[in-house]
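A.B. asks: Top line first, the protein sequences correspond to chains L, U and B.
Numbering-wise (my numbering), the first sequence opens with residue 1 and increments by one.
Numbering-wise (my numbering), the second sequence opens with residue 748 and increments by one.
Numbering-wise (my numbering), the third sequence opens with residue 1017 and increments by one.
Treat the hints as calculated values from the structure; they're not laboratory data.
A quick note: this is a predicted structure, and the numbers were derived from the prediction, not measured.
A couple of the hints might just be wrong.
As the list claims (entries may be wrong) - Partner residues are not named here, just some residues of chain L that face chain U (Cβ under 10 Å, in silico): (1) Ile31; (2) Arg32; (3) Leu33; (4) Tyr71; (5) Asp613; (6) Glu618; (7) Leu622; (8) Gln682; (9) Pro737; (10) Ala743.
The beta carbon of each residue, even a glycine, is placed where N, CA and C say it ideally should be.
The residues making up each chain are set out below.
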Amino acid sequence: MSGELKVVGKPVPLRDAKEKVGGSARYSADIRLDGMLHAKILGSPYPHAKIKKIDISQAEKIGGVVEILTYKNTAGLTYASVEHKPMCVLEQQVRYVGEPVAVVAAETEEIAEEALGAIKVDYEELPAVFDPVEGAKPNAPKLYPEGNLAGPVPGGPLIEKWGDIDKAFREADVVVEGMFKTPVQPVTPIEPRTCVASWDGKELSAWVSTQFPHRVKEDLAKVLGLRFSKIRVISHFVGGGFGGKKQEEYPLMAALLSVRTNRPVKLEYSREEETIVGRRRYSSVENIKLAAKKDGTITAINFETYYDVGAHGNFVGGSLGLLVSEFYMYKFEDAIFKVYDVNTNLPTAQPFRGVQFPAYLFGLEQLVDQIAEKLGMNPIEIRLKNTYKTGDKMKPYGATLSSFPVEECLAKGVKASGFRESWKGWGKPVRAENDKRRGIGMAYNMGWTGWMEQYATATVKIYPDATAELITGAQDLGTGSNTTLSQVAAEELGLPLDNVKLTTANTGLTTEDWGSCGSRTLYSAGKAIIGAARKAKEALINTACLRLNAAKEDVEFRDGVIYVKGKRILLSEVIKEPVSGAYKNPTPKMVAPLYNAVYVGGPLLHVAEVEVDMETGEITVLRYTAVQDVGKAINPLVVEGQMYGGAIQGLGYSLKEELLFEKDSGKPLNPDFLDYKIYNFQDAPNVQVIMIESNEPTGPFGAMGVGEHCINPVAGAVANAVYNAIGVRLYEIPMTPERVLKALGKI
Amino acid sequence: MLAQYKEEANLIAGGTDLMGMMKERAKTPKYVIDIKPISALDFVKWDENEGLTIGALTRVSTIVNSDVIKEKCFSLHEAAESFGTTQVRNMATIGGNICRSSPSADLVPPLLTLDAEVKLVGAGGERVVRLERFFRGPGENVLDNEILTEIRVPPQKGSHGTAFRKLGRSSEDLAKVNCAVRIMVANGKCKDIRVVLGAVAPTPIRAKNVEQSLKGKEINAEAIDEAAGKVAEDISPITDVRSNVEYRTYVSQILVKRLINETIKRLAG
Amino acid sequence: MDNYESVINIVVNGIMHTIDVKNNWTLLKVLRDQLGLTGTKCGCDKGQCGACTVLLNGKPVLSCLTLAVAANEQEITTIEGLAVGGNLHPLQESFIEHHALQCGFCTPGMIMSAKALLDENPHPSEEEITHSLRGNLCRCGSYPKVVQAIQDTAKKMGARK
């Protein structure tokens, strides 16, 4: 086989681009079925309450109302997900403003809405808590009988430590610390989540806006009491997920209504419901302390953090149990990580792009800069001194770091951003002119991939006409995986991309996959696809050997054709029916439960250059540089899109986005685009993205996942740049003009 | 029709305000009267004697593209250009922006600095009201089952400079604070000045203390600083989801100072 | 006698339709539900995201804030009306080529806004593009690629003349 790649590495257009630009792409809300009913949700007006009485009799009388769900007629129907506490489809105890209390299915949306107004609910209000530090206290109002701590250690924080932390701080030459606060950031995809569920008396079809079609299938099976084979979840087009569209209540509601009415039911979230009943990032209060020696070695970290995971969240939406290695950021000789995942009477949290890292790096990277400043080192030196390098054994479990070109990454980032030219030194802005101050700052991160690697499977079929079919349960959310995974299959098979048909996004037709999250899809599904393609080729060659009476070493499958000792034979003369291969990734070797023995991930460096108006507090991002090791860009266009997208979401997190709640009632104040500002065309600065291709040995064609890490360092980079500009640090994001002026002492 | 249906009816022009309010059930009119087809109210006219007259149903996009408004009333052009989004500018009307009577209405401060008047027509007849007298409070005005049909900006005597700016959370936003300034200068002295701020009081408000401080004085940095410093006496901002009292108070002063300087610069250049 | 329903005549993508509508229905609802043209998306239903952008007499408007009755006797162009005879509009081709879309949900609205911009301003600067399209929100971050796609289209369409 020739060494040159023919499909992988090429900037091919998205396979589904034509449907998307032409308007024929059908997202869940575009599905229309005869006799379809429309469902609407009634949400709780209270942040914490028990439903004493719910009277739907008046609502039921309204013409066109077909079925109403309440906690009473859905009692005992619970579902469990790794990412939240066990939940009922509808709870009797409601724990956030907007939590669904009833769902009405009616002939039209208007009638359904009218019915909502006719439902009478008596609530017994309960005391509520909206802050994770308050919620963790023993006398806080309890959301659950077992208390508000939702971490992996029942009733307590999760603590991980190694070394001698007290000694490290005692003997330190420099100690820096800070308390950092980060906001609630709803996922805010442009597509509000929607389900169309259709029960035909025997089987259920559900079109769902989800990253986790197979898990949703399991939830539906449990709640409806159906076998898996009777359910298919279809998700051809999903309008963005970013970690927030996984397992949740709305498909279950729509499906129950469909089963009970024997009609298709559509449940489409409004924008407010998408923000409130949809999922969001934890908010956090981080107390971080670092100890360092005067040679620049950061010897220890003390990390005590409270994550607000909302009404039904668990540690996965907060600390993630410290997985994905906050540990691995720098070589801490001694450490203590103490994390509280706290339920509050706010919308439920779920891992949103980058999980703990955007908040972690907002704090950590500022403290690292502070150490450098105290020691007279520059920001590049301090990081190079303390990062892990390829082949290192990492604390605390001795995992080995796979390919990790950190020097190259930092060097490229510094060069591309013009850091050395701009940097005037600590305490000196890049430029000071009239009311404007310019600053430059950086942040570093370690990426990850391959989460739940063993839960990826694929089947590849080769047809007699030298076309192939790739069957995979991996879910494309706009992440481009439909295209990149097809490229992987085409390359492995030696066929043109157009000859590879993709069967996906229908759990009734595909193989299993855990779901798209954690930057696992390309890496894990890609490996499974290569495995399946190889098995298919092997089956093909075995068949060829038999039918052509040839020895294995004389037979080759290349460019869609069989070669026997160099003689070219059409595939259709060898096989009359398709051959296939199926593959499931083996479980990788672990060094500790859920910690891989070989850590796969690449370095990132982000550099932000900002200008601050000292009188209005406005921060303008003049220039943003993002360098990331992607292993191998299966499709450079797709990778660039991800890197840019992460930077923009990260800038929103750093500078603009914050879901605000009324202080005493927990009512969300800005659940729509009017007052929850995401970046628009005009706001978005120019972002320079640079890929490093280190060729990760364990990855499919050297590739690693890229989608999440690109958001992680943004808040840290911007915060460091702002400090360089104005000489004052910000400890809370978003860094709004109000917070800047407050930090400057002007208001 | 308004006289017939009274509180049960709302007029709809561009719909960019009313539609959102109806969807949120903030307004639930039984009757919605579509006045968009009244093309006679969609015009921009300039006359030496009458000044600038703009029909109430003139789209914001028309105002952006109008050369005569750019020439005669630059701050209004600036306000229209920064207004909303392209789609909203194609739908929203100047009459709608005024009648919505939001304290943060963008088109209003420039008009107020230029002593604009509005014509109101009802079943009983028509009347002309100074725009300064039109607003009563947030979302409240003097309309009494009437339609606002046109806005007139009288011709300004002497050369003057105008400017408008707004501060928001992003490039497209409702204003945290907006401000329009008009200045006339003679012999290095401020002959006349109007400063109007929005989103910092129940209605768009003239900063009379600022105006009085600078009027008649020699134009220099100290005088401008001193005048801008008076703005806190004129405004009564609140804390809401967009910003807080402290910030609005502080930046109002900055905005006034910068806009006065900008206006002077425009006059000179 | 109060009238809650009307009959409207609208030309959509060159085809005349006579439709019974309720007076409080939006143009977005009529396009998607009555005419089955689901290419135009509902992202917020309040005119704040731009996903519902269509051309009304050639001008980009928010169909979720437009009453269907107000569109009577008007000409509407939706994303489905751009391709002619199976051939994609140069903008659509350019979006594909430049990877100016990821999840694609905001894409139809964005392309309609871009078309209107190029109709009015055949050679927009980057600033003009970002100002003109700031009402079309994208969460996936396709902004720079969209700008490239529009600039490239302008070049190609200019070269054809």
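A.B. asks: Next, verify each hint and record whether it holds.
C.D. replies: Comparing the hints with the structure gives:
| no. | hint | in the structure |
| --- | --- | --- |
| 1 | Ile31 | violated (23 Å) |
| 2 | Arg32 | violated (22 Å) |
| 3 | Leu33 | violated (26 Å) |
| 4 | Tyr71 | violated (26 Å) |
| 5 | Asp613 | holds (9 Å) |
| 6 | Glu618 | holds (8 Å) |
| 7 | Leu622 | violated (15 Å) |
| 8 | Gln682 | holds (4 Å) |
| 9 | Pro737 | holds (7 Å) |
| 10 | Ala743 | violated (12 Å) |
This entry does not satisfy hints 1, 2, 3, 4, 7 and 10, going by the numbered hints stated previously.
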